[in-house]
Amino acid sequence: MARDWIEFVQTQNIPWSPHDLWGLRPGVEVRVLSMDPETGACSLMVRYPAGFAAEGGALTADEEFLVLSGSLALGDTGYGDRAYAHLPAGFLAGDLTSERGATVLTFFSARPARTDTPANYDPARLVEHLDSYAVPYTGNFHPEFPPGAGRKVLFTDPHTHETSWILGTLPMRWAERAEKHPVVEEMYLLSGEVHGDRGVMRPGAYFWRPGGIAHGPYGTLTGNLYFFRTQGGGLTTEYEAPAKPFRWWPEHAPQLPNSLKPYGGEAPPPPPPW
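Letter 154 of the sequence shown, counting from 1, is numbered 155 in the numbering used here, and no numbers are missing.
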């Protein structure tokens, strides 16, 4: 059974819940963004309190994360604002600590458990630490992609070609055509706003979109930063005429499963800059 189609929810509307990450990290709080009910693969926001500490070790699932605020450490490796890691199942990590607390976007490839017999993993699938500020932008990643955007590639799986990246776009930019991808596309909006076919997304917006669903076109007045992932392969794009032409300030009309409908409201607009 696949995950539910979510497009989109403002994660600040979802309440924090006490959690122990299946016995791995007692004392954290979690927002569950999406989950596969069969495998336990999930996308979470995890909030670590100041002074947090938990045992390290190897897990039975891949763990991928991006620090949204605060900082944490795995052994001697520190992770500050926008630091990223992709730790394959079997990777032996140090103890996890957070002196001042942290909020971390976290993804597990299956329900995680600690293992005393770590499996071998492909080192090409390991990104132990990456400062996303230091990752250069690349462009021209699709000949038909509208100009005015750049991509910071954080991870590409050498076997499946699944990819995680940050996309930055310029202010006052919009597109005229809809897009379609054959793979799952998952997104968390880090900053800025996005006007699209289902409303205005603001920082904290999240979607999980199955492959084959046309979406957009999109535009932004402020410019923005997105965090994207694909599941089921690398990203390829087909462009097509949209069901509706692009317009600013579209009606709020998210696609949500029943579990998220209570949290499907709009985010409040940001205060004026004066």
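There could be a bad hint or two in this list.
Pair by pair, the computed Cβ-Cβ distance ranges are [to be verified]: (1) Val-128 to Glu-56: 20 to 26 Å; (2) Asp-123 to Ser-18: 30 to 36 Å; (3) Gly-57 to Pro-246: 28 to 34 Å; (4) Gly-151 to His-130: 18 to 24 Å.
Honestly, the hints are just simulated from the structure, not real lab data.
Backbone N, C-alpha and C fix where the C-beta goes; we use that ideal spot for every residue, glycine too.
Notebook entry, point to check: In ascending order, which of the hints set out earlier in this document are inconsistent with the structure?
Noted result: Violated: hint 3 alone.
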